[in-house]
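Engineer: Line by line, the protein sequences give chains A, B, C and D. According to the working numbering, the first sequence is numbered sequentially starting from 1. According to the working numbering, the second sequence is numbered sequentially starting from 1001. According to the working numbering, the third sequence is numbered sequentially starting from 2001. According to the working numbering, the fourth sequence is numbered sequentially starting from 3001.
Calculated from the structure, these hints are not laboratory results. Accuracy of the hints is not assured; some may be wrong.
[Claimed, not checked] Restricting the straight-line Cα-Cα distance to at most 25 Å, the calculated cross-link-like pairs of lysine-lysine (DSS-like) are:
1. K3076/D with K1080/B
2. K3145/D with K1080/B
3. K3076/D with K3062/D
[To be verified] A few chain C residues that don't get close to chain B, going by computed Cβ distances all over 10 Å:
4. L2018
5. V2080
6. L2142
7. P2508
8. A2584
9. V2592
10. D2624
11. S2625
12. A2643
[Unchecked claim] Going by beta-carbon spacing under 8 Å, a handful of chain C positions derived as facing chain A:
13. S2631
14. G2632
15. N2633
16. L2634
17. R2635
18. A2638
19. G2639
20. A2642
The model shown is predicted, which means the values in this text are computed figures rather than measured ones. Glycine is no exception: its CB is placed at the ideal position from the N, C-alpha and C atoms.
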Amino acid sequence: MIPLSYYLLLSGILFACGVLGFLIKRNIITIFMSIELMLNGVNLSFVAFAAQWHALSGQVFVFFVMVVAAAEAAVGLAIIIAVYRTRETLNVDRVNLLKL
Amino acid sequence: MLHLILFLFFGTICVAGAINLLAQSHPINSALSLIAVMASLAGEYLLLGAEFVAAVQVIVYAGAIMVLFVITIMLLNAGKEERTQGSRVAILIGVPGVLIGGVLVAWTLLHRPDMQTVPIGALKGDPSDIARLLFHDFLLPFEVTSVLILIAIMGAVVLASRPEAIARPHRSTPGPQETRELVATGKDHR
Amino acid sequence: MTPQTLSPLLCTIPLLPLAGAAINGFFGRQSSKKAISAVALAFCGLAFFMAVLIAANFSSASAPYSFPLAHWLRSGNFQVDFSFYLDQLSLVMLLVVTGVGFLIHIYSVGYMWDDDGYYRFMSYMNLFMFFMLTLVLAKNYLVMFIGWEGVGLASYLLIGFWFTKDSAAAAGKKAFIVNRIGDFGFLIALFLMIKHFHSLDFTKVFAQVSAWPTEVAGIGILTAIGLLLMVGAAGKSAQIPLYVWLPDAMEGPTPVSALIHAATMVTAGVYMVARSSMIFERAPTAMMVVAIIGTLTALFAATIGIAQTDIKKVLAYSTVSQLGYMFMACGVGAFSAGIFHLMTHAFFKGLLFLAAGSVIHGIGGEQDMRKMGGLRLYMPWTFTTMGIATLAIAGIPPFAGFWSKDEILWQAFNTSWVYWLIGVVTAFITSFYMFRLMYMTFGGDYRSPAVQEAHGHNPHGHDDHGHGHGEPHESPWVMLGPLVILAVLSVVGGFVGYGNRFEHFLAPVFQGATEVAQEASHETAGRALEYLLMAVSVSVAGLGWLLAYLLYSRRPQLPARIAQSLGGLYQAVAHKYYIDELYAVLFVKPVVDGSTTILWHDIDQGVIDAAVNDSADAACHVSDSVRHMQSGNLRSYAGWVAAGGAVVIAYMVWMGVR
Amino acid sequence: MSITTFIIISIIKSVVVLGVLLTAVAYSVWLERKVSAHIQNRWGPTRVGPFGLLQPVADGVKFILKEDLTQPHVYKPLYIAAPIISLVFAITSISVIPFGNWVDIGPWGTYLQVTDVNIGLLVVLGITSMGVYGVALAGWSSNNKYSLLGGLRASAQMVSYEVSLGLSLVGVLIIAGSLSLRDIVDAQRHMHWNIFLQPVAFFIYLISAYAETNRTPFDLPEAESELVAGYHTEYSAMKFAMFFMAEYANMVTVACLATLLFFGGWLGPVLGPPILQMILPVLWFCLKVFLFMFLYVWVRWTLPRFRYDQLMAFGWKVLLPLAVANVVVTALIVAWRA
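Taking the hints into account, I'd like the entire structure generated from these sequences.
Structural biologist: Laid out in structure tokens, this is it:
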């Protein structure tokens, strides 16, 4: 018997780590991975809340999140490959042609 | 007690993996640590009773998505990331923002009086029940998501396969000569 | 044939010329000139034929036809239908418009043949016919207003027909703008009617009006309506103070001047006033204003006509003054007389213009009478027909003008001898300048420089339609035919008014009105007085002729000396009393300056544009400062997002705590 | 039973199963060598022990004693981790495989199964899918073109065929109505083996399984003729042994799975005294697994190797649609029955 808030705390930590990764990592693939990390954190909170409210829909949402994550991974990695072809770099700081 | 121990075990792996993801400079290490995070998250799910979710987490996330990542890293032969100072904003505004937000959330979570406690295997996510939910109550979202997947597949194919890839072989994804190139340039990925 | 079978013709009559206009306008460019003229003439003539058909079985006794074509406006109990209406008055107008119009169409075939815009011209003419017929056959004021505006449009198009000429374009604009002023009054009159009668239908309005008492005090709705209508009429029929556009309108081709600016359109005002006789009869003040304006215009324009040297200008001013006559008639309640004069005037003035056109055509586009002379030898037919017309307009019996003008003068005398006096003086001046025109044009011998320079091409011609030539020549028969027909009409046309037959024919239309005026007229003064006045006017006309003969046939050098002796006065007359300049100073300049300085520079540039530009600049500056956030650096964006998320979380936590 | 006994029994079971498994692995190598030798009309190992039965021991000794080369240009952490990963996952997947029915050992009774998870099938799939990393990382960290190509091929091939493998099992699951391997086996009583109910699914499974385990005709990751030895080109000694064992362990697992899912697991004629009744199911099970192992070898030395594009095209354009169709048909039939 442990308080649910622990799980939520864990998911929060994971999410924060994901955001931090997004902020401090330069490699676009790593950044992408930190997005996945955030998604996982959210999934954990989903499951935890499902346990709190005894509603399975929380776990069902996890599946949807996973599906979206898979789709996103496919498209995102394809984009990364395309970007690498044109820019020949994976460093997001070098992929900023919008800049003045 | 056992619950707390297991939770802490998996949780530690999770956090360690997450931090390692940030700490590692080589994407492949980040990827592996992320796999570790996901696997241990599956353990957390099991603790919460969502065994089906746990299994799918391992199969889909660890087994499929992360494989995609690893393959991509191998293909693009991503080396150590260079420490460019691209964005002051991210460091000066973003990081503090994240920390503040995290601290606030943690504070709220820990100071909620009505936060209930859960036993081990709190809510048993039996596959049949989940399937019933998925194919009755959430049928429409399910179908929509399938369409989303389809679109994603097409988008990925269109994006990743380019006609001029033949014209510039060293930029194209598949093909033996390309891989040779990859490995030739792949002398220094540490 | 019964009204049921005939009344449908009412809508076909206007629509036929419209069809012709459409066909010529859309397909004329490709088709041959023969086809164009065939179409134009066919549709116009068909309309005329139908008009005759209707007239054949329409007596003074027969009830008005009316044919509702379609519903138009409906709001509450107020309703306007697109319907046509024919009574004796509109029948007369119908015949005049279609008849004279048809003749002038034939004439223009010959006159405009060599012009490049031939199909355009014919299409415009047909269009004008359509609108004019709509105006004439309207059953309510709104449909009438459509025709009213339409003829304005057609006249604008035709005055500016040679739009490459600045003067023509300017004249077209002037006509349009001046007409706007009049239309403005007309519109307000319509609004007043809607307000007070809740209808624009002639019969309904007049039915209500007949119940109203006569506004003796001179102040009231009917007076207001009447005056406003008169403003409109003054604009369309070139009365003081809005007559200025008509002389300039002579920039258009001569058939246009004949059809629009002499025979038909300019008389629309008279027709409208006559149509509204019911209203005017119950607004004596409005009547008086109409009479005074008409009288003054008649005299004023006639005096200007004396000193003009451009043949068409002379005719234009005489038109103005003749219209003045008609308004005088309406003003003294002799509506039938006014309409009568309208008809005869259509005949002889149309004839005059056509003949003048024939002259201009014959000597290669020259319009200055001082360069003419002796043309009777070159173009005898034109000379005779024009002479007949001159006699008619001068009021020499038994020609048409005599009957109508005399009728008007007699009615005017019955109302007040002042009108009669001025009328007679005008008659004298009229005959003088008309015969002056005749002598300068046809008398003496040919004075054109074109002959001296041995048949050289004549460059400066107003109607430069293809060929200028030195040797004057008679016009082709396609032009002379209408001249002859109109000449015959101007001879015999007056006899329809013999013994007030014309008046009785129109009686059913004006009975509501005339009953007020008539009880004064015939009984008070006997026949003797009438004959006396008749003799006076005839003798005055004769005097005018004599004077003109003396000055311009016997002693051609005399006028110049007289002009010098008169000096300033002559100059004033020659320059049309500087009216145009006066208007330019009084109205045009203030408007132009005001709109330039205030509206344009101050308001438009200073306020509106400034607002737009300043806001644009502000946006530009703001975004220029904000733009740097859009560094294109993914991580920076992420940083902003994270910060925003932190703010949101903080807010929510705070709300939760509170 | 108390937590301690639970733990004890679990440990015992694990150790036993591990031992059995490793022995099986070792002797499947021996089996392969023998069979292939006879297929090629040779004798195969004969020297060490009778019929060369001790050959695996000799091999093990050799592997252990050999020098463990580590090329300087490899990426060490992963180079070392890769074989461990693949072996660990290969062995772990056996943990949920039931070998037999309930047995009573003195006071205690237990299932012949390390742990009975009610989503056992998914667990197996998940663990095998994790096995990809070993191969991929090995190929990448060796920093050698052959290894890289081998790793790429292996991972791509395994990921692709995993899809049709999983889909082929869905039909079985629909019929059994459970994810627990034990229930699935129980659902096949009275000779209602899924091989009869789901022949298509079985063949899809078989083919995909061969591809999953990188066995001929799908052994492109280690296509000697083109890639030397594929992802384990740079490996030697114990590391190589790990890959080797992992491969055979996977084969065993897949064979067990096939037995459980399609051939009624331990089901078979059971008779005789209680002891025999306890032994027989295990015997049946082992027999069936042995058949599958034999089939593996047989196929390996019979069929030629595919070309890579053929492999991919076959997987995506033939097997996958077939599996989906099978799922749909099965679902329709079951729904129609109900």
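Engineer: Now look at each hint and say whether the structure bears it out.
Structural biologist: Comparing the hints with the structure gives:
Distance restraint check for K3076/D and K1080/B: the Cα-Cα separation of roughly 15 Å lies within the 25 Å cut-off, and the hinted pair is therefore satisfied. With a C-alpha separation of about 20 Å, the suggested pairing of K3145/D with K1080/B holds against the 25 Å cut-off. A C-alpha spacing of about 24 Å is found between K3076/D and K3062/D, which places the hinted pair at or below 25 Å, so the restraint holds. Chain B leaves L2018/C outside its interface by the beta-carbon criterion, the shortest separation being 59 Å against a cut-off of 10 Å.
Remark: the non-interface label on V2080/C is consistent with the geometry, its nearest Cβ contact in chain B lying 57 Å away (cut-off 10 Å). Every beta carbon of chain B lies more than 10 Å from that of L2142/C, the smallest distance being close to 59 Å; the non-interface claim holds. Distance check for P2508/C against chain B: the nearest CB is about 80 Å away, which clears 10 Å, and the non-interface claim stands. With a least beta-carbon separation of about 68 Å from chain B, A2584/C lies farther than 10 Å from that chain, consistent with its non-interface assignment.
Once the 10 Å rule is applied to beta carbons, V2592/C is consistent with being away from chain B; the minimum gap is 59 Å. At roughly 18 Å from the closest C-beta of chain B, the C-beta of D2624/C stays outside 10 Å, upholding its exclusion from the interface. Taking the minimum C-beta to C-beta distance to chain B, about 15 Å, the non-interface status of S2625/C holds against the 10 Å cut. The claim that A2643/C lies off the interface is violated: its Cβ sits roughly 4 Å from the closest Cβ of chain B, which falls inside the 10 Å cut-off.
Residue-level restraint check for S2631/C holds (minimum Cβ-Cβ distance to chain A is 5 Å; threshold 8 Å). A least Cβ separation of about 3 Å between G2632/C and chain A falls short of the 8 Å threshold, and the interface hint therefore holds. The interface hint given for N2633/C is met, as the beta carbon of that residue sits about 5 Å from the closest beta carbon of chain A, less than 8 Å. Against a cut-off of 8 Å between C-beta atoms, the interface hint on L2634/C holds, since the closest Cβ of chain A lies about 4 Å away.
Interface restraint check for R2635/C: the shortest CB-CB distance to chain A comes to about 6 Å, inside 8 Å, so the restraint holds. At a threshold of 8 Å, the smallest CB-CB gap from A2638/C to chain A is about 5 Å, leaving the interface hint in force. Nearest Cβ of chain A to the Cβ of G2639/C: about 6 Å, under the 8 Å cut. The hint holds. The interface hint given for A2642/C is met, as the beta carbon of that residue sits about 5 Å from the closest beta carbon of chain A, less than 8 Å.
The earlier numbered hint that this structure contradicts is number 12, and it is the only one.
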